[in-house]
Structures are given as structure tokens and as C-alpha cells.
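Chain residues, written in single-letter form:
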Amino acid sequence: MIFQIILLIMLAYVVGFIYMGLYRNITARIQGRYGPTVYQTFYDSIKLFSKKNSVSYGWMFYLGPVIMATGAVLTLILVPVFSDSDFLRSVTTQGNLFLLLYLMVLGPLGNALAVGTGGNPFGVMGVVRGLTRLIGLELPFYIAVVGLIIASNSSDIVHIIDLQKTTGLNILVHPFLFIAAMISMVGFFGASPFDIPGAPQEVYSGPRTEFSGKFLALLMSQGSIFAFAKLVLIIDLFLGGADSLWMLVIKTFAIFITIIFIGIVYGRYKVEQAVDFLMKIPTLIGVIGLVRIIWFG
Amino acid sequence: MSLGYYFLLPVIFSFLTPYFRKLGTSALRGSSVFLTFILFVQTLEYTGVSLPQISQFSVAPPIGIAFVLDNFSLLFLLIFTFSGFMVSLYMLWYFKANDNTNETRFYVFFNMLLAGSIGMILSCDIFNVYIFFEITGISSYALAAYNKDKLGLEAGIKYLIIGSIASIFIVFAIMLIYLQIGTVNIGLIAQRYSEIDPKIAVLIALMLFIGFGTKAELFPMNFWAPDIYQGSSSHVNGLFSAIVAKSYLFVFFHLFYLFGLNTKYTLLIMSLGAITFLVSEFTALNQKDIKRLFAYSTLGQLGILFMALASNSSDTISGALFHLASHSISKLLIFLVLGILISKFKSTKITIVGDFKSLFLSIVLIIGFLSILGIPPFSGFIGKILILKGFALSHNYIAIAFILLVSIVEAVYFFRLIALMLDKKRTKTSVPVGFVNYIVLSVLAILIVLFGVYPSLLTHYTDLATNALLQPHSYLQFALGVGL
Amino acid sequence: MMESGFHGCDLDDSLKCKLEESGTQNTHSVMEKAAAWFRSRSIFVVAYGTGCGAIEMPPTFTSRYDAERMGVVGVATPRQADLIILSGYLAYKTLRRVIRTYEQMQKPKYIITLGSCPINGGMYWDSYNTIKKLDDYLPVDVSVVGCMPRPEAVIDGFSLLQKRIKNGEKAGWEKYDENLDFYKKNQKRVLGNHVDPSYETDWYNLENGSEV
Amino acid sequence: MIELISKLEKLSLELVQKQDYLYKVEVKKEQLESLLLSFLNEFGYITLDSINCRDDLEEGNFVITYCLLTPKRDHVVMVQTSIERENASLPSIHTFWPQAEIMEREMHEMFGVDFPGHPTLIDFALEYWDNIPPLRRDFDTLQYVNDMNPFRGQRDDALDAKVEMKKKREAKKAAKLKAEQEAAAKAELETQNNPSQEVQNEE
Amino acid sequence: MNSIFLLLNLLPILFLYQFGGDLHVSLSLTKEFTLSLSQTPLGTFFAYLSLISFLLVTIAQKSKKTSFSYYALQFLLSIAMLAIVLAGDFITFFIGWEIMTWSSYFLISKSSDIDTKSLQKYILFSLASAFSLIAGMVIAYSFANSFDFNVIQNSFHTMPFNIKVALIVLFSLSFFTKAGVIGLHYWVVDTYSKAPDLFSSILSAVMSKMGIYGLFLVYGHLVGYAELKDMFGVILNGTDFGYVLGWIGVITSIIATFKAITQDEVKRLLAYSSIAQLGYIIAVIGMGTSFGVAGAMYHTLIHTIIKLLLFINVAAIVAQTGKNKFSELGGLIYRTPVSFVMLLIGIIALAGMPPLGGFASKFMLYNAAIDSKFALILVGMLFSGAASFLYCYKLVYGIYLGHPTSKDLETQKEVPISYLIPQVILALLLVATGAFPGAFIKVINPILIEFSLNTIPYTSMGVMQSAVGNFNGLFIISAFVVIFVFILLLIWRIKSKAKNNLNRFDISYCGEVPSKNTQLHYGYGFGTDLYRIKFVNAILKRSSSPFYEALATQTKKTAGLLSRMYYGNIHNTMIIILLFFSALYFIGVN
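So the protein sequences, as listed, match chains A, B, C, D and E. 1 is the number of the first residue of the first sequence in the working numbering; add one for each residue after it. 1001 is the number of the first residue of the second sequence in the working numbering; add one for each residue after it. 2001 is the number of the first residue of the third sequence in the working numbering; add one for each residue after it. 3001 is the number of the first residue of the fourth sequence in the working numbering; add one for each residue after it. 4001 is the number of the first residue of the fifth sequence in the working numbering; add one for each residue after it.
It should be emphasised that the hints constitute simulated quantities derived from the structure, not laboratory data. Built from N, CA and C at the ideal position, the CB exists for glycine as well. A few of these clues could be false.
Claimed, not checked - Heads up, incomplete: computed chain C residues facing chain D, CB under 7 Å, no partners named:
| # | residue |
| --- | --- |
| 1 | 2073 |
| 2 | 2128 |
| 3 | 2133 |
| 4 | 2194 |
What the hints assert, rightly or not - Below, in silico cross-link-like pairs of lysine-lysine (BS3-like), each with a Cα-Cα straight-line distance of 30 Å or less:
| # | chain 1 | residue 1 | chain 2 | residue 2 |
| --- | --- | --- | --- | --- |
| 5 | E | 4541 | B | 1424 |
| 6 | B | 1346 | E | 4407 |
| 7 | B | 1349 | E | 4323 |
Produce the complete structure using the sequences and hints provided.
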């Protein structure tokens, strides 16, 4: 099981970095640039790890990224990666959707602690913007998740995956919930138009302002692992999971490319605009889906 | 001891007061304490005796006086003699600590007041009731003004005028009754009241109502009351609140039930009581003068008592009597403490309760406040809950809602005073209490707590009193048996 | 077109500067070589727009010239940056901030200057408020000359820097560490007694005795 | 304008027209504040365009000029005053025109003029400047610059430009001469060697 | 003194432990009233909850100079609460309730920064609550002819429908006021923030729970969930009544959460947070399902622990620094590291983050909503939970992280040990409840039986069963710890190479050098973003205070108007008496 977990983390690490590289590459191509290579993020990561030194502001400054990474890894191992397989099944059955909803926020909160310890006011501004954005961001996602839990009468993800084999994929059965969840996902990936917390023109680089060298590398690594976990969660919930590695890559890539395409064409919302938007349109779509499930399901 | 001594002893002491004064101040004060102590102890003896009892003094028949003591009047007698005892003890300190030039005058009228009010509740002859009514009245006018200061004299005169008006109504009523029935014996009147021409009966009832209602401070005849309270000394206010007002209340409801007026006038008196309660509590909110404030508080509590006593149900009346006793004790306590404060600060602003520093006084004062507000474990709570329970049993939910809502208004100013007392930012002056006052105030406070945690002490008597009030046949028997 | 730094100082007799020749090999093990390669492939830039050269930055990094394809990408804070671009003349006031920013960067770190002003003062040679030789105060790795250099030249500067990183040549930050006295003395000369507290080293404060 | 002239005449001041849109009035330092206030309040010169300072080192004066405009923007009035260079001080007019605050701050930094009552006389463009204010004429900029920032020296392999230029010129000259000589020689040679050509051409 | 009262506080616990289980005592007060104690599983739970809280707070008081009267009143308060939770009839309940009211009033008045207005607010709302209760109980008496809970419970179904509704409304109003439901919360914030620092913990952790106990008593015991279902009908899988209560709770929780974020005073934030957390409990308490009751019970427990921990922590900091605003605190993390860790554990639980007990209770609450299919209520609860991260972060940042805002904070010492002991105990409790969420089910099941609801299946200590999935707390916490330690070891190399303990002014600040006078603490700026969000702004700019202030002004005006009648003119009084007489006479005769 330990071996499987390490394998999974490696897989998430590689796939996550390649996706992040693709993100930059595809963005460049859309902007009419040649763009960096797909491995550019990987290079960045190695370079940051090989930095001669990095600043720190005491023990909480270490623990923040560690909590963040712990949250990411815990999320990863609790999300079932392969359906119809015994891969880590004994671990994933311990998780449920409520747990995952909260584990997804554990990272930002751990990061916020480290940023606060760093003492940079710009960093804290970024954190506050991030947490404020989270208020709006979580709402459609919560609606989608609650809808699925009520529709399938279980908060167990494996059960939700299995159920999709008989009822059809949730993306078709509950399209409203899928749209709501996807709009939230754009924000969870830090893509435009919801990328205000780290806006470089306004608050340095937001929460990451004081992170340098190896800490930044750790943040990037956990970010890519976490991104993978989120993608897997979305395909588990709406696309019926993946039964092989290829299906996994194809499905996650499909979700990922959608997020890129949404993110690339939008400008940046201010934090209040973002929350305002998220509280209106995606929430309304989600509520329609939810009402459809409860009253007409 | 014959019941007559309840009247005679105070009168005698009252007349002897100047001579006691000549023997010395301690003899004067001691005589008063002795008198009230005797009366109180005597009353306590009556608690174990089967009632009603009667005693007659005939000068030359049919001229004479007859006293009847039943359970209803026993309760009041207990309250009056106890309050009188406490006040006379308190006066030991008061005249030592303050200007005692008017001491003799006070004791004369104090004894007279006791005589009058006790006579009023014991007498079974409506004309004698009127006489005692006048004795009480005159001694109260004098007590209001005994200090001879400007406010006091104004209060005395006002009281006198109002008192005369009330007397006129009562005299007319008695006259009409005598013309109609030809007797002044309460028992006979009660028996034959229904025979009176209904129009005249209404007139009589209304005249009695106005006369006693005015004195018992019922809205809208109570506009004079706050001025009197404001003008008088604080211990006199205590007497007014604990004895005088209650004695008029006694007569009011005694006649109310004896004459069978409860069938017609319940709603009227209940609503007037409610209005009294509402108006006085609201008015009290804005008061800056502490005596005036508690005058309104007294009016408000009398309002509740009117509401409950007129309600015609034994549960409510029993509760009301409990509340009445509890209110007498609490108000007496409050006014006595205020007397200490006023004599220290020479001011009657409400801020004086925030200026003193004395743990004992704070505690007893807060106990008094909480008791009047009806907060457990103090006696006021039992009274209030009994009244509410009585109303609930008769499904009178409007009254419950009314009492509770207005009680919140009441709480506003009471807790404003308590907050003032607890305010640490004010500069506090320590206040000498006096040894006697420690005893007096502790006894009062302990009684409040005792009745709160062990109410059956009192509910026993209130239940008996209620029975006596609502089933007055034994009283009537005795009253009719008066062979005058 | 390019000129490597560290030439001006050894002419000044009053200020001794023990600078080695550029081009010294500094990487030995395989790990270090690999790290150097990755470092050269990923350069985070904080672009300090000190003068007119700031206007050359946007085309360099955006679609037209696209420095990102070389792994050169802009970041906002000096903490994350490997390279600082100083694009034009430096007033004393600016120099103070630049030194501070440079010291906040994490090693290894590099400096590229644009235009002639950081080299010899350019058209501001006789200003009472502008420094003439930047390499007296900070170790410049690559100077891109021209007034102003076009983006092509800037990118050429990047590739030169990448080449030098890849070869493991001794970079400016190492020289800065070795000759801290020299640089600090120069900085103190123009900035007077009001050099910002340096949290990297207490060199200045030890000498001056002033409070941090 | 007529009102302005008459008013100024009352104060025994003269409004001189320098150009068709430019007027000048010279006042003493004591009158300055009241005059500026009346320009603002009575004549509607609501815009203070600039405050200029000229260093008359020879006369020992600073000449301060306030340029004022009306909302019409059709002419400029320059109110000029001169003050002692030593301990130069002027009343602050930031309460009349708020923009004067920053102008005065700059003048304080560059010329060392003091403005009593000014709220923010702190560093403006320079930091911690402890020398003579740099725009005073007795501040020797060149000397300061040379002291502070020595010129970049030559490279080891650097050549003297004059010599090189001379060499270059001479070489050029020589080359030119040589070319001419060669050309002449060639022409001579050609005429000698190919006389038949001419003949052929003629043909 | 402290140790005496510590022992005195131990006594009721020992008493309950020794004689508990089946305590039935009654004492006749008058012929109608009896004081009776009757122990139920529900009461026992709340009794232990409050008594242990008092014990812990008394430990914390060791290093704070406290007068005898304070201790005595606090002990009286604890006894009053014991009387409330063990009461077998309404008279005992009410006497306990009122003693609680006034003893807490005097305790609050012992604070140094209390003002008359806050005191008045507190006592008037408490009395309004009590009077609502008294109205309810006498109405119940008028039908049941007894104040005894069991008698009322048996005769409840015989009452007319409107009386039933009136009773439920009156009792709910009373207990809602104590719990601080939005609209009735006007007193809560001022009182909590201005009470003595350690007493605030009692107010928030224990006294508000008396409101919850009352609600349980009424809904579960007196009325009964089955009766509620019969009375109001069914919506989705829950009751109509539960649905209304659900929205009340959710709205309370959302509004209070946003209000909390914008507070500058530490205790005001905690007060609003308390309102919000009680909102969750109220949201599920009426659902009438096993999970609803279990969720409410669990959250009651967890919230008590958290709020005790946080308030004691804050009290210690306030006592140590003398400052109580976020804009005045900051940067204490390395000065008071133990306090920081305790607060961190507290806010992780408060935010409902997984490894600790906070998540277990949230999980139960959400399951209750799922069980009843109250999806929008669930979304509202989740939303409020997401917003609560902001104030949780503000709490830890404003006090411990960032920069110290004044010089004396830089030389601060760790708080006294007596403050830390209860905090450590409470933190361990939070960890334990997180690791063994199933253990509490054993406590809940007897209560569910008492309410005649289905019990929740119990498998093991570490697992919490629910309708839609299980939460294995033991697994999660051990996985968390393992991964955490693993990653920590991995980056240990980084730690050894990093420059440690940098000067706090060495931050990226656009090339500028911040100095001691630069405002680097972001305590002020928190929550200002929220004002620009339309929806949140609509919440934040509204307040219940204009209503209550207008009520006060109108009352004052009425009083002024009425007091004009008493202006002391004796002629008018005479005329009025005569006119009144004639009016009555004409009415009477005709």
C-alpha cells in the first residue's frame, strides 16, 4: 500500500507538472507565441530546489507548506483514481465527499499561516483576497457536491462512480451541477477570471510573496499534485471515473483543457466582482440543478 | 387581649407622647418600639387562634365600636404591625442621626396612623370605618408635613385636599346606604345590599369606589400621589407604601366582595388596575427623583394588586395577597435604605444610589429590587408567579401578557439603578448604617429571601385570607352578631 | 555588442578590488552541472525599470519576441527572482532601492543592465544625482549596450547569460560576496551615511555603529 | 485688465506688458502675500501655473516669479519678487493654491529657500542631501560629480582617439593619394600600352 | 481562595458521579409548587458539560486576581445551571434560570470596561427571555395543572392546536434569545465582549448552551419530535418545523459569520462566531431525526470545548498584553508559542478542518441535513462554514502572526501556566473527539431513546456512522500525522539550509525598507473587501440595533408623554376625579 501511495504521488507529480507545462504552452500558443516547452515547469521546480538558499521566518514558516502538502497528498490518496480496481481501495473507502471538501481548503489555510508568519502585508492581502474569493468559489461547488450526494444518496465517491454505470454519466444526468462545479474549478485552478489573490500587478505575487527557493518549489510541487487530485475528483464525480491509465489521462486532460480555454479568454475579476459573479450565475445554475434533483428527481 | 386594644393602645400612646418626651428622648422612642412590639407579638398570637373573633365596646348602645378579626384582616394586621415595628426600630437610628426637633410630632402621628389603619381593617361598622379612615388620613397629612419644610407642607396640603374629596364621596355613600337600608353595620349592609334600588346602588358603589380608589391610588385618581411621596420623608413613604395604601386597599376589596360588587365591576377595576400599572411603570422610566421614582413603582405594584384582587378567582387573589405582603416588606426595605442614603447625601436625585459604598446596603437594596421585579429566589417571584398562575387557570392570557410586558419596562429602571450602584467609575462615599438598621434591614431582607425559598410560611395565611374574603359568611355571622 | 563587466575598478588605485578574470569554471560535480543546466533553462526575472529601457521590457516578454520560450519569465518579487534587469540610468535614490532588491534575491542571482548609462553615465555623466559606473556598486553580469538596446539585443543578452550559467562561470553574486567590503565602501561613498539596513550582512553597521 | 491696472496703481505697482499675452509686476517681499491673495480673490487668477526661482549670484538675490492665470487662459501675469540669498525665506502660499505646496517643497530642496509654515518641507527628489542645494549657482556640479563619480577609465588595450584619428586621416589621405597616383599611372600606362584601342574606337 | 473554589467546583461533579444516573428528588414548596430534580441522560450530559467547563475556567483563574464575591457568584451560577439541567419541573427550571440571569449579571458587572448600556441590554434581553419562558410555563400549567415536565409531556397532545403553537413559539423565543438567534442577538456581542475575559468563556461556552438545552427539552422532551411531525406536517424527509428552524439557523449563521469577519475587537469576533456556531445547532435541532439530534448534541459539545479554549486563550493574551483589538496585537507567535499552538488547534476545529473534532461535529450536522434532504439548508451551512475560514484566519493572524504593532509586544512572555493547563486539556479533547468520533455516539444513544428516536449504530470508537457514508476519524488523523511527519522529514534538509529567524523587517516591500513606524500588521484591513461585495454589504450594513434603539426611544417618548399627566396640579386632579365619577355614573346608570 505504501508503494502504491508513492507510485500515485509520483504519477500525480509528473502528470501535474506536465499539465502545468501544457497550460503555459497552450496559453502561449493562443497568444501567438512559441511558448516554453512542456517541461518548463519541471525545470523551474528543479531550479528552485537547487537554489543555494531561501529565506525563512521561523518554524511556522516551514510548517505552513508542510500542512499544505499534507492536505494535497491526503486529498490525493482519498480520491479513487481508478474505478473497478483495487488500487488503494482500502484507503479511498475511508474518505467521503464532505471530508474532501474540507481537505481541499486545508492547504490554503496552512499556506495562510505561513504567509502570516512571513509578515509581509502584501502576502496577507493576497491570503485575504484568496479566502474572500473562496467564499464565492465554494458555493457553486458545494451545491454541485450536495446535489450529487443527495442524488446518489451517498457521500462515498466509489459509490457515486459505480452508480454512474447504471444511470449514465453525471455530466449528462446532472448537467447543471457539472457547469456549476466547472466554473468553481476554474477558480480552484487559479485561472482567470478568478486569479485575483496572486495578482502580480497589485499585491506583489500575493500569498507567495515571501516564498523563495525550496519553499516555492514545495508549493509548486504540492500545487501540481493537488491539481491532479482535483481533476481526478471531477472525473470521478461527473465522468464516471477512469478504469485505465489512458482513460485517466484523456478524461483529466479533457477537463483540464476546458479550464485552460475558459481561463485564457477572460480578464481578471476584482475580488468583489468574482464573488458577486460566483454568487449569481453559477449558484443559480447549481440551485436549478439542485431543485431539479430534490423536487423532480 | 381584646381586639379593642389594637386601637386603644396606639391612641393612648399617641396622647401620652408629649409626656414621654419630657421623660427623655429614649423614653419617647422606647415607648414607640414597645407599643409596636406589643402589637406585633399580639398579632402573632392570633395566628394560632381560630378566627373570626369579635370584641365590642359599647359606650351606650347603640353607640359603640365593634371589631371583627377574620383571616383576611389578620394578614393585613400582621403586615401593619410588623411594618410599624420595623419603622419604629428604624426611627431609633433616624432621630439619633438626624435633626430631631420634630420628633414628638412624628411619634404622635405615627401612633395615630397605626391606630387609624388598624381600626379601619378591624372595624365592622361602615361609619366607624369612615372615622378611622379620617384618623388615618389626618395623621398621614400631618406625617407628610411633619418636617415643616416647603415640599413637605405642599405635600401635606395636597394630601389634605384630596383626602377631603375622598371623604366627601365616602360620607355621601354612607349616607345613602343609611337612607336606603337604615344601618351602618357592614354585615347587614352586605346582606341587604341587593335590595337597594339599582340606580342608587350604582351611585353608592361608584362613590365608594371613587372615595377609596382615590386614597388607594388607582388611576386616574392618583395624580396626586407622586407629589406626596416626593414631599414626605423616606420612612414616611415606607409607611404610606406598606401600611396606608394597603389599608385603603383592604377596605376597597373587603367591601367589594362583601357587597357582591364583584359580579359587575371586575372588568372595570381590572382594566383600571392594568392602566395604573402601565402608566406608572412607563412614567417611572423618566424620573430623576428617587422618591418619586419609587412612588410610581408603588403605584404600579398597586395596579397589579388591583388587577389580581379584582379577578374574582381564589388562586389569583391568594397570589395577590402574597404579592401584597411581599411588596410591603420590599418597599419598606427600599424606603428605609433610601432614608439612610438621603439623610447622608441630602439629595433625592437617583444618582445617590450610585454614590454610596456599603456592601450591606447594596445587598439588601438589590434584594429589595429583585424581589419587586419578581425574580427568584425572592418573595416577589412567588407572588408574581402565583398571580400569573391564577390568571392562567382562568385562561386570562391577556392579563399574563400585559403583566409580563410591562414588567420588562419596570426592569428597565430597576436595573438602571442597579447598574448605577455597580458602576465602578463613580466616586463612592461610605455610608454609616447604624446598628439598629443592620438588624431592621437584615430582618426585612431575610424575610424576603425566606418567603422566596419557603413560601408555605406565607401561603398558609394568604390561602386562609382568600377563603375569608371570598366566603365571608362566618365574618358576616360575627358582624351580624354585633349587638349594638 | 556585449561587454562583460569588472573592468572599471582596477583602474582606480584608491579602491582595491580583487576580481578574478571572468570565465572561470566553477562547477565540478555532475549534480552541480545538472543544476547549472536547469538554472540556465529557467530564469525568473524581476525587471526593475530604472530608466528609459523599461519600455523595451514588454515587447521582450510578450508575443513579439517571447522570452518565455527560453525559460525566461517575469516574476513580481525579488524573493523568487534569479535575475534583475536594470534598464537605464540609476539615480542615487534608485540605487538604494536596487541594492536592497538585489540583496533580497536568493542566490544564485544575476544582474543584466541595459544601455550605456549604467556603464558610464551616458548622457547623465555630469548629473549631481546619477551614478556613472554601476559595477562599482553591484556586480553586473551582462551589460547590453545601446541607447536603448532593442529586444533582440536583450534576448541576446539572456542567451549570453544562459551560456555563462551553463558553463558554470563564476557569476556576479559570488564576486559580490567575496568583495563585499569593496562594494559596500562604494555604496557608502555615494549614499552617505544613510545606506538602508542590510539584513544580509551587518558589515556596514559594524563599521558605522548605527542602529539597524 | 483695466481694473487690475488701476488697482495696482493704487498700490504704486506697475503692470508691464512683456509680450502680447505676458504681463509682469514686480513687488517687494512684504507686499507679496497680500498681492497674491488679491490676485486670487479679487481678480480671479485661480491658477498658479508655476513658481520659478532664478539665482542672481552677482546681486546676491533670488528672483522668485509666480505665474498666474485666469480661467480664460488668455494671458499670464508674472508676479516677481527678489529676496536675499542669505537665509532666503518666503511666506508659504500653499493655503491659497494647494499646488504651491509641492512647488515650494521643490524650491526648498533645490535652492534652499525656507518657507515658514509649510507643512511638509521634507525630501522631494533627493534623499538625505547635505551639500549646497544643487541648483544654486555656487554649487559646482562638475566638481561634485568628479569627486563623487570618477570617470570610467580606459581599457588596457584602449587607443588614443586623437592619434588614431590622425593616423586614420593620414592613412586615408595616403590611400587617397595612392589611389590617385595609381589611377594616374594606370591611365598613363593604358595610353602607352593600348594605342590601338583608341584607333579601334574611332573606327 | 482559588483552590478552595476549585474543590468546591469539584464537589458537584463528584456528587453527580456518585449519586448520578437516576437522581429523583422533590421538595414541596407550596401546595402547588414542588422543587424537583430528575436526572435524564440529556440533563446529565449538559450537567457534566457545564460543570467541567466551570472547573477548567476556575483553574484558569488561578493567576488572575479574583475577589471572593466573584468566585462565589460563579459557583452560584454553576449551581443554578446544575439546577436548570437537572430540573424535573418548570419551577425549578425557572428558579435556576433566573438565578443564572442575575448571578451572571453581577459577574458581568465586575468587568472593568462594562458600561450601563451593555448591562441594560443583557439584563433586559435575559428578562424578556425569562418572561417569555414564564408565560409559556403558566400557559402549560393552565392545561396540565402541573409544572412537572412529565405531566406536561403527557398532557401536551390534549391541548388545543393554537395553544400548542403558542407554547412552542414562547419557549423557542425564550431559548433563542439565550442562544442569540439573529434578531434576538442584540445583547450577545456587547455582553460577551465587555464581560470579564474569563467569564466570557462561560457565557459563550456554557450559558448559551442552556438555551440549547431548553430547546432540546421542549422539542425533544415536552413536545416530542413525533408530536412536532404530527402538528406541522412533513416536507422532503424532515418536518416543516425543522425546515423553518433550519432556515432560521442558517441565516443566523451566515449573517453572524460575515459580521464576525469585520470586527476589530477579538472578543466581539468570538461573540459573533458563537452566534454563528449556535446557528448550526439550531438549524438541525428541529429536524426530528436521529442525526439531527446527534449533530446538534455533537456540535454543542465541540462548540463548548472550542469556545472555552479560544476565550481562555484570548483572556490570557488580554491579561498578558492589556490589549484586546486586532489592530493593537500581532506578532506574538514566537513570544507565546504554546498559546499560539493552542489557538491554532482551536481555530482548526472551529473551521471544521478534518483531523480534529470540529470536522466530526460538522459531518454529523451535514449528515442530518442530508438525511432530511434539506439540500439548500446544507448548502447554506457549508457556505457559512467557508466564510468562517476568514474569521478563523483573522483570529490567528491578528493576534499571533504578522507584526507586533507596539514595542511592548516584542518583549512579551509566555502566558502563565494556569491559563495553559485548561487549554491543553481542551486541545487534547479536540484531538480525542477527532480521533474517536464514534465514542460520543454512546453518549447520544440514551438521549435518542429518551426522545423516542432511532439510535445510531455504533461500530467502533474511531468510526462515525452516518446515512450516507462513514467518517473514520482514527484513520484520517493517523494518515494525516504520518504524511505530515513524512513531508516534514523530507523538507528537514531545506530547513537546515535556510536562513533562519530573519529580521522581521526583511520583507519584500517594493525596495523600500519598512521601519518600526510602518504599519505592517494587516489587522485593520481584514474584511474591508467584504463591504464591496453587494450581497455581503447588504448583510453588513444592516443591523438590529436601529430597531431596538428606536424601540427604546419610542418607549422613552411614551414615558415622557405619560409622565405629563403627573405634573402635580391639584385642581386638575380634583376635576379629573369628578369628571371620572360623573362619566362612570352615566355609564353605570344607563
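For the pair we were handed, residue 1349/B and residue 4323/E, check the Cα-Cα distance against 30 Å. At roughly 37 Å apart (the allowed maximum being 30 Å), residue 4323/E and residue 1349/B break the hint.
Does residue 4407/E lie within 30 Å of residue 1346/B when you go C-alpha to C-alpha? Measuring from Cα to Cα gives roughly 50 Å; hence the hint is violated.
Hinted contact residue 2194/C with chain D - closest CB pair below 7 Å: holds (4 Å)
Would you settle whether the hint for residue 2128/C is holds or violated, based on the nearest Cβ-Cβ distance to chain D being less than 7 Å? holds (5 Å)
Restraint: residue 2133/C near chain D, CB-CB cut 7 Å. Satisfied or not? holds (5 Å)
Would the hint linking residue 4541/E and residue 1424/B be met if the CA-CA limit is 30 Å? Answer violated: residue 4541/E to residue 1424/B is near 34 Å, above 30 Å.
Does the closest beta carbon of chain D sit nearer than 7 Å to the beta carbon of residue 2073/C? violated (33 Å)
Checked against the numbered hints listed earlier, the structure breaks hints 1, 5, 6, 7; every other hint is satisfied.
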